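**Q** Listed below are the residues making up each chain.
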Amino acid sequence: MSAPPSRTDAVPALAADDLSVSFGPKTALAGVTLSIPRGRVVSIIGPSASGKTTLLRAFNRLNELTPGAVTTGAVRFNGIDLHGGEVDPVEVRRRIGMVFQQATVFPRSVFDNVAFGPRASGYGGDLHELAEEALTAAGLWSEVAEDLDAPALALSSGQQQRLCIARTLALKPEVLLLDEPTSALDPAATARIESSIHALKRDHTIVLATHGRRQAARLSDLTAYLAGGELVEYGPTETLFTNPRDPRTESYLTGRIP
Amino acid sequence: MTEPRLIRVPVETELDRLREMLLEMAGRAEELVGMAMRGLGERDRRMTKLVRKADDRIDEIEVEMDERVLELLALQHPMAGDLRLVFVALKASNDIERIGDHAVNIAKASRRLAKHPPLPDITETWEMGGQVRKMLGTALDALVNRDVEKARGVIAEDRRVDDLRRSAIRTVVSHMLEQPRYIGPGLEMILVVQNLERIGDLATNIAEDVVFLVEGRSIKHMESPW
Numbered sequence: 001m002s003a004p005p006s007r008t009d010a011v012p013a014l015a016a017d018d019l020s021v022s023f024g025p026k027t028a029l030a031g032v033t034l035s036i037p038r039g040r041v042v043s044i045i046g047p048s049a050s051g052k053t054t055l056l057r058a059f060n061r062l063n064e065l066t067p068g069a070v071t072t073g074a075v076r077f078n079g080i081d082l083h084g085g086e087v088d089p090v091e092v093r094r095r096i097g098m099v100f101q102q103a104t105v106f107p108r109s110v111f112d113n114v115a116f117g118p119r120a121s122g123y124g125g126d127l128h129e130l131a132e133e134a135l136t137a138a139g140l141w142s143e144v145a146e147d148l149d150a151p152a153l154a155l156s157s158g159q160q161q162r163l164c165i166a167r168t169l170a171l172k173p174e175v176l177l178l179d180e181p182t183s184a185l186d187p188a189a190t191a192r193i194e195s196s197i198h199a200l201k202r203d204h205t206i207v208l209a210t211h212g213r214r215q216a217a218r219l220s221d222l223t224a225y226l227a228g229g230e231l232v233e234y235g236p237t238e239t240l241f242t243n244p245r246d247p248r249t250e251s252y253l254t255g256r257i258p
Numbered sequence: 001m002t003e004p005r006l007i008r009v010p011v012e013t014e015l016d017r018l019r020e021m022l023l024e025m026a027g028r029a030e031e032l033v034g035m036a037m038r039g040l041g042e043r044d045r046r047m048t049k050l051v052r053k054a055d056d057r058i059d060e061i062e063v064e065m066d067e068r069v070l071e072l073l074a075l076q077h078p079m080a081g082d083l084r085l086v087f088v089a090l091k092a093s094n095d096i097e098r099i100g101d102h103a104v105n106i107a108k109a110s111r112r113l114a115k116h117p118p119l120p121d122i123t124e125t126w127e128m129g130g131q132v133r134k135m136l137g138t139a140l141d142a143l144v145n146r147d148v149e150k151a152r153g154v155i156a157e158d159r160r161v162d163d164l165r166r167s168a169i170r171t172v173v174s175h176m177l178e179q180p181r182y183i184g185p186g187l188e189m190i191l192v193v194q195n196l197e198r199i200g201d202l203a204t205n206i207a208e209d210v211v212f213l214v215e216g217r218s219i220k221h222m223e224s225p226w
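Order-wise, the sequence lines are chains A and B. So the first sequence is residues 1 to 258, counted in my numbering. So the second sequence is residues 1 to 226, counted in my numbering.
In isolation and in its complexed conformation, chain A is listed as follows:
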């Protein structure tokens, strides 16, 4: 984990293989196959209800917490089938961390928020050191270092979202799943989160679900376009945004409503 991930690694960090997810009668994902290379930022774009969040949640087995969810196909993490018998879902969610659309800080101090996960998993090292590291990586350290005991709820919404990223980072995940992390934030707060994502790319694989086409263009190496639960197109971000192959991607990117 300390060495930067190799870009030429043949086994992708995450891979979905003919992945379908349905909730009762509703199909959320239909036969999606894609791989997320290690050390890259991959954006998942698409209209509402296109399956972005479901795909993200499939990557750390969160869908199974929803009653009635049925998953078929495979999800692999570092080549290992996530639904295999010996796989511990709690460990999956530690190594594949997730940050949600709404910042959900605990009504505790800033420090306690970051220390929460490591404490719960019996971390034996220096919690202060770990908190500083996580808060620095999330781009929040300089703003909270003076008063780590301040209540987390007193932070601005942008700071709360970065605190959520720090809380996830404190568990030393390999992959970060970000579900619309800036949709509730103003441009300045968005820019800070985006610059954190840029910095995190060095040591993490990042999957970002976003409504913001421009955000996907700014941040990601690869972009996947989902529509109606299907993977329409997946490729290098610069190609997708300048010369998409599929007319459905073209219509979505240019804002033409079919």
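Please keep in mind that the hints were generated in silico from the structure rather than gathered at the bench. Quick caveat: nothing in here was measured; it's all calculated off a predicted structure. Honestly, I wouldn't trust all of these hints.
Quick partial rundown of chain B residues pointing at chain A, CB under 8 Å, derived from the structure [to be verified]:
| id | residue |
| --- | --- |
| 1 | HIS77 |
| 2 | MET79 |
| 3 | ALA80 |
| 4 | GLY81 |
| 5 | ASP82 |
| 6 | LEU83 |
| 7 | ARG84 |
| 8 | GLY216 |
Restraint ranges, calculated between C-beta atoms of paired labels, are given here [what the hints assert, rightly or not]:
| id | chain 1 | residue 1 | chain 2 | residue 2 | range |
| --- | --- | --- | --- | --- | --- |
| 9 | A | ALA10 | B | GLN194 | 50 to 60 Å |
| 10 | A | VAL11 | B | GLN194 | 52 to 62 Å |
| 11 | B | ARG19 | A | THR66 | 47 to 57 Å |
| 12 | B | GLU67 | A | GLU91 | 51 to 61 Å |
| 13 | B | LYS91 | A | HIS211 | 28 to 38 Å |
| 14 | B | GLU149 | A | GLY84 | 51 to 61 Å |
| 15 | B | LEU75 | A | VAL90 | 41 to 51 Å |
| 16 | A | GLU230 | B | ARG19 | 26 to 36 Å |
| 17 | A | SER35 | B | GLU149 | 34 to 44 Å |
| 18 | B | LEU75 | A | SER195 | 23 to 33 Å |
| 19 | B | GLY216 | A | GLU64 | 33 to 43 Å |
| 20 | B | GLY216 | A | VAL90 | 43 to 53 Å |
| 21 | B | ASP16 | A | ALA120 | 56 to 66 Å |
| 22 | B | ARG159 | A | GLU230 | 43 to 53 Å |
Ideal placement from N, C-alpha and C gives every residue a C-beta, glycine not left out.
Go by the hints and put chain B onto chain A.
**A** Structure of chain B alone, referenced to chain A:
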């Protein structure tokens, strides 16, 4: 993209405007080349003024194009095919503006030529003039209608222009060698021919941009563009 849609997005109106501006520019540039060639044929020195005036309008549209494109990029954030169109429109407007400048150069050379004893007719120049005007018109038509076949036709025609240039220069030089009094007008005529050839190249640039616009790949600097 083929079915009619209920909702027209604002960027479409803006893109239509860019296309209209390009058509106006190209129409004027074509006319300008025509005027310059007429001035050359009729040894009409007044034509230079007219050509310059018409070129000023092209320059104005080019400046307007720059402003509109900048505004469109800042406000509409075009993507995919829209982005390629904006990019190509900006480049084409720049190319058309240069074509206007070359027409002015031809008009200026013609005015100086009119002060010299007339050269024997260099027939290639007339064919070149007609050819490059046609190429420019077709390239713009291809741009507006996203017609790759037409664009490729323009690219192929540029070889003919290059051949004509070589042949014209050979003829002029042979006159210059025979008669020292033809040296002055011969040099001016070579300038005319070189400017015509550049106009052909610029029309070819526009045609290459059409292929990029439609197919999303650059065919510039390729030996065989298809």
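**Q** Please go over all the hints and tell whether each is borne out by the structure.
**A** Checked hints:
1. Interface hint at B:HIS77: satisfied, since its Cβ lies 6 Å from the closest Cβ of chain A, which is below the 8 Å cut-off.
2. Against a cut-off of 8 Å between C-beta atoms, the interface hint on B:MET79 holds, since the closest Cβ of chain A lies about 4 Å away.
3. Interface restraint check: B:ALA80 against chain A, minimum CB-CB distance 4 Å, threshold 8 Å, status holds.
4. The beta carbon of B:GLY81 is positioned within 8 Å of a beta carbon in chain A (closest approach about 6 Å), and the interface hint is therefore held.
5. Given the 8 Å rule on beta carbons, the hint for B:ASP82 holds: about 5 Å separates it from the nearest Cβ of chain A.
6. For B:LEU83, the interface hint holds, the least distance from its beta-carbon to any beta-carbon of chain A being 6 Å, beneath 8 Å.
7. The closest approach between the C-beta of B:ARG84 and any C-beta of chain A is roughly 7 Å, which is under the 8 Å cut-off, so the hint is satisfied.
8. Because the beta carbon of B:GLY216 sits about 3 Å from the nearest beta carbon in chain A, less than 8 Å, this interface hint is met.
9. Our hint of 50 to 60 Å for A:ALA10 and B:GLN194 holds, since their Cβ atoms are close to 56 Å apart.
10. Range check, A:VAL11 to B:GLN194: Cβ separation about 60 Å, and the 52 to 62 Å hint holds.
11. In this structure, B:ARG19 and A:THR66 meet the distance hint of 47 to 57 Å, their C-beta atoms being roughly 50 Å apart.
12. Take B:GLU67 and A:GLU91: their Cβ atoms lie about 58 Å apart, and the range 51 to 61 Å holds.
13. Between B:LYS91 and A:HIS211 the Cβ separation comes to about 32 Å, which falls inside the hinted range of 28 to 38 Å.
14. Range check, B:GLU149 to A:GLY84: about 55 Å between beta-carbon atoms, so the 51 to 61 Å window is met.
15. The beta-carbon spacing between B:LEU75 and A:VAL90, approximately 48 Å, falls within the hinted interval of 41 to 51 Å.
16. Our hint of 26 to 36 Å for A:GLU230 and B:ARG19 holds, since their Cβ atoms are close to 34 Å apart.
17. Judged by the Cβ atoms, the range 34 to 44 Å given for A:SER35 and B:GLU149 holds: they are separated by roughly 39 Å.
18. Remark: the range hint 23 to 33 Å for B:LEU75 to A:SER195 is upheld by a beta-carbon distance near 24 Å.
19. At roughly 41 Å, the beta-carbon separation of B:GLY216 and A:GLU64 lies within the given 33 to 43 Å, and the hint holds.
20. B:GLY216 and A:VAL90 have their C-beta atoms about 46 Å apart, which keeps the hinted 43 to 53 Å range intact.
21. Between B:ASP16 and A:ALA120 the beta carbon distance is about 60 Å. The supplied range of 56 to 66 Å therefore holds.
22. Range check, B:ARG159 to A:GLU230: about 47 Å between beta-carbon atoms, so the 43 to 53 Å window is met.
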